[in-house]
Amino acid sequence: MAAYQKGDLAAFGELFERHEKRLWNFLRRFVRDKATAEDLLQEVFLRVVKSAVQWQPSAKVSTWLFTIARNLCTDQARRAEFRQAESLDQAKASEEGSGLRRLDRVAANSGDAEKEAMGHEIASLVDRAVGELPVEQREVFLMREVMDMSFAEIAAQVGVSEPTVKSRMRYALQRLRSSLGELRQTTRTGAASAEGMP
Amino acid sequence: MKCTEVSSLLVDFLYEEMPADQRREFLAHVEGCSSCSAEVKAMSSTLGHARAALRGPLAEEPPPGVRARVLEAARSAETATAAKLRPARVPDPEGFFARLWKTPWLVPALGAAGVATAVFLVKVIKNPQVLPEQKPAVIEALTQPVAAPQALKQAQPRPEADQESVAAPATPAQGLASKPSARSERDSQVESKRAAAAGKPHFAPPDRESLASSRRHVYDDPLAGVSRETRPRAPVDEAAARKGGGKAVPPGDALADAKAKRAPAPAIHANKDETALDDLLRSVPGTRKAPIAEGAGSSGRWAEPPPPRAAGAPAATAPAAAKLAPIEKAEAIADLEDRAGSRVAEEPPPSAAPAKVQAPVRAAPASPAAQSEGPADKKKASEKKETISFGERVRKAEKLFAEKKWVEAAAAFRTLLAQAPSNPAAKTWRERLAAAESAQKLGLPARASKAVSSDPLDGL
Numbered sequence: 001m002a003a004y005q006k007g008d009l010a011a012f013g014e015l016f017e018r019h020e021k022r023l024w025n026f027l028r029r030f031v032r033d034k035a036t037a038e039d040l041l042q043e044v045f046l047r048v049v050k051s052a053v054q055w056q057p058s059a060k061v062s063t064w065l066f067t068i069a070r071n072l073c074t075d076q077a078r079r080a081e082f083r084q085a086e087s088l089d090q091a092k093a094s095e096e097g098s099g100l101r102r103l104d105r106v107a108a109n110s111g112d113a114e115k116e117a118m119g120h121e122i123a124s125l126v127d128r129a130v131g132e133l134p135v136e137q138r139e140v141f142l143m144r145e146v147m148d149m150s151f152a153e154i155a156a157q158v159g160v161s162e163p164t165v166k167s168r169m170r171y172a173l174q175r176l177r178s179s180l181g182e183l184r185q186t187t188r189t190g191a192a193s194a195e196g197m198p
Numbered sequence: 001m002k003c004t005e006v007s008s009l010l011v012d013f014l015y016e017e018m019p020a021d022q023r024r025e026f027l028a029h030v031e032g033c034s035s036c037s038a039e040v041k042a043m044s045s046t047l048g049h050a051r052a053a054l055r056g057p058l059a060e061e062p063p064p065g066v067r068a069r070v071l072e073a074a075r076s077a078e079t080a081t082a083a084k085l086r087p088a089r090v091p092d093p094e095g096f097f098a099r100l101w102k103t104p105w106l107v108p109a110l111g112a113a114g115v116a117t118a119v120f121l122v123k124v125i126k127n128p129q130v131l132p133e134q135k136p137a138v139i140e141a142l143t144q145p146v147a148a149p150q151a152l153k154q155a156q157p158r159p160e161a162d163q164e165s166v167a168a169p170a171t172p173a174q175g176l177a178s179k180p181s182a183r184s185e186r187d188s189q190v191e192s193k194r195a196a197a198a199g200k201p202h203f204a205p206p207d208r209e210s211l212a213s214s215r216r217h218v219y220d221d222p223l224a225g226v227s228r229e230t231r232p233r234a235p236v237d238e239a240a241a242r243k244g245g246g247k248a249v250p251p252g253d254a255l256a257d258a259k260a261k262r263a264p265a266p267a268i269h270a271n272k273d274e275t276a277l278d279d280l281l282r283s284v285p286g287t288r289k290a291p292i293a294e295g296a297g298s299s300g301r302w303a304e305p306p307p308p309r310a311a312g313a314p315a316a317t318a319p320a321a322a323k324l325a326p327i328e329k330a331e332a333i334a335d336l337e338d339r340a341g342s343r344v345a346e347e348p349p350p351s352a353a354p355a356k357v358q359a360p361v362r363a364a365p366a367s368p369a370a371q372s373e374g375p376a377d378k379k380k381a382s383e384k385k386e387t388i389s390f391g392e393r394v395r396k397a398e399k400l401f402a403e404k405k406w407v408e409a410a411a412a413f414r415t416l417l418a419q420a421p422s423n424p425a426a427k428t429w430r431e432r433l434a435a436a437e438s439a440q441k442l443g444l445p446a447r448a449s450k451a452v453s454s455d456p457l458d459g460l
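Top line first, the protein sequences correspond to chains A and B.
Quick note on my numbering: the first sequence kicks off at 1 and runs consecutively.
Quick note on my numbering: the second sequence kicks off at 1 and runs consecutively.
Keep in mind that the hints were calculated from the coordinates and are not lab data.
Mixed in with the good hints, there may be bad ones.
Partial pick of chain A residues on the chain B-facing surface, computed with a CB cut under 10 Å [said to hold, decoys possible]:
(1) G13
(2) F16
(3) R18
(4) A37
(5) D39
(6) S178
The beta carbon of each residue, even a glycine, is placed where N, CA and C say it ideally should be.
Kindly produce the complete structure, drawing on both the sequences and the hints.
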């Protein structure tokens with residue numbers, strides 16, 4: 001970042017490479033809409049470009065980037081409450097019950113097709129369950145699981161105490177558990193009905 | 001450990017942020033409690049599934065378009081920033097002298113200075129009166145302006161310098177112009193003698209003194225020997241007089257008075273002592289020009305420019321001023337006293353006195369013809385004498401009072417009070433009048449004369 005401040009454009013490219021994947025996954029899981037996540041990722045780095053002069057070397061670049069990303073996501077989540085746009089990335093209304101996405105319908109290269117299909121199902125369930133978490137729990141869960149931030153860092157970033165962060169994390173896990181339990185139950189029911197079929 | 005505590009510490013256990021002893025205690029409770037054990041297992045499984053999903057199928061690569069757009073934006077921002085910062089980073093190609101050269105007033109100022117210097121040099125160096133042996137000194141003086149007067153003094157010893165009260169020359173050129181050369185005078189005399197012998201008119205080149213006097217003439221007052229009251233006046237601006245509280249003052253005189261007020265008062269004005277007055281009168285050579293006009297360098301007061309002449313009136317010349325010499329002493333006394341006292345006082349005598357004072361001023365003759373002895377001139381002269389005698393009367397009254405001639409002193413003070421009741425010294429006059437009258441009645445020596453200051457001009 002210091003090199004980019006001095007005008008080194010290649011340093012900015014390196015900075016982008018280092019942080020783009022984690023930021024992308026955070027945004028992607030947070031907003032669930034791919035196009036919106038793409039816009040937000042671009043916006044994060046554009047803000048970095050604009051505010052590069054103001055950056056102080058004492059601040060951690062990753063913290064700064066995630067702060068920008070989190071602020072953008074929070075604003076986006078507030079806007080989404082009033083504007084529930086349907087995304088191509090989301091499951092179609094007709095396929096809402098199955099939870100399948102277009103991405104999930106892409107054939108996998110793995111040989112273990114059943115295991116792969118199960119993994120995708122769990123992933124889609126997790127994705128949906130994470131997306132349905134309240135914003136406070138979602139951001140804590142994603143910061144911890146996607147961005148690998150400690151609870152202390154999350155607490156500092158969010159502006160709450162560490163026990164509060166842990167409490168939010170516990171609630172988030174309970175919600176995920178219930179979502180995955182539904183999946184387990186659905187899977188068992190589906191398997192039983194398949195066995196009972198002639 | 002209780003089940004509620006296990007529930008609250010579940011996250012710390014899953015993320016391994018629990019101290020070892022607490023972890024042991026936690027595990028001991030979970031092993032003994034089936035519900036807590038199921039809860040921990042379920043939560044651990046959920047977290048495992050979620051983590052696997054997030055780091056497996058859900059871990060996506062960012063779209064390549066974003067990278068290209070972001071890098072493009074960064075590049076354009078960098079270009080814009082560089083363009084914005086470029087003027088500040090680039091050193092100013094115009095240095096101090098380049099900017100100075102562009103200053104609009106510099107070229108005219110330098111041109112004017114150059115022309116002035118050239119004219120000055122041409123005048124000094126090409127001056128025919130400058131002797132060949134003096135030129136190096138002049139050039140040296142010009143090249144070293146600070147040491148110029150000393151160099152000139154060394155180059156031109158001047159024995160007659162103490163005879164003239166001319167101040168030290170302001171410039172080397174003036175100094176040269178005002179110092180005649182003995183050799184040139186000698187040459188001129190020889191030439192004039194030869195011309196006289198040959199019966200031809202001799203046109204000797206003007207000597208430096210005459211040149212200097214002719215230069216000074218521009219600034220000197222041609223009426224310097226003439227009393228201020230008898231100088232020709234410009235038409236009085238009546239409207240301005242009405243505005244100015246009734247005192248009609250011609251523009252030229254107003255300017256002179258303003259200059260006199262602004263200029264530092266010479267010693268002659270501040271000195272109230274009678275002996276000082278006499279000394280000053282003694283120091284006046286033939287006319288009043290010396291203490292006022294020529295004493296510019298020594299007394300600190302510069303010669304005043306001539307007042308504007310009345311329309312049609314010919315300029316007064318030096319002979320005309322010389323004709324006024326017989327009344328010099330009386331005029332000088334009146335003038336000095338006017339300056340010291342009654343004239344300095346803002347309020348002139350209200351009744352007939354102002355008219356008497358102002359009338360001769362307005363009707364003062366301005367030409368030699370006006371100096372002829374006509375009836376009008378006699379009348380004006382008598383009025384002038386009356387004007388002059390006011391100061392004299394003050395002095396006379398003070399003198400009579402000091403000599404304890406009570407009757408005469410009282411009469412004199414009465415007259416003064418009648419003429420100028422609003423004079424600042426009127427209070428003193430009244431006190432002295434009362435003292436004189438009481439002493440006259442009692443037939444005793446006046447004690448008030450001691451109480452009151454013995455300085456006759458003190459009340460003024």
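Hints and how they fare:
Evaluation of the A/G13 hint against chain B yields a held restraint, the C-beta minimum of about 6 Å falling below 10 Å. Annotation: interface hint on A/F16 holds; nearest CB of chain B at approximately 6 Å, less than 10 Å. Violation of the interface hint for A/R18 is found here, the shortest Cβ-Cβ separation to chain B being roughly 12 Å, above the 10 Å cut-off. For A/A37, the suggested interface contact is upheld, since its CB lies about 9 Å from the closest CB of chain B, less than 10 Å.
Interface hint status for A/D39: upheld, as the beta-carbon distance to the closest one in chain B is roughly 9 Å, under 10 Å. With its C-beta approaching chain B no nearer than about 9 Å, A/S178 sits inside the 10 Å limit, and its interface hint holds.
Checked against the numbered hints listed earlier, the structure breaks hint 3 alone; every other hint is satisfied.
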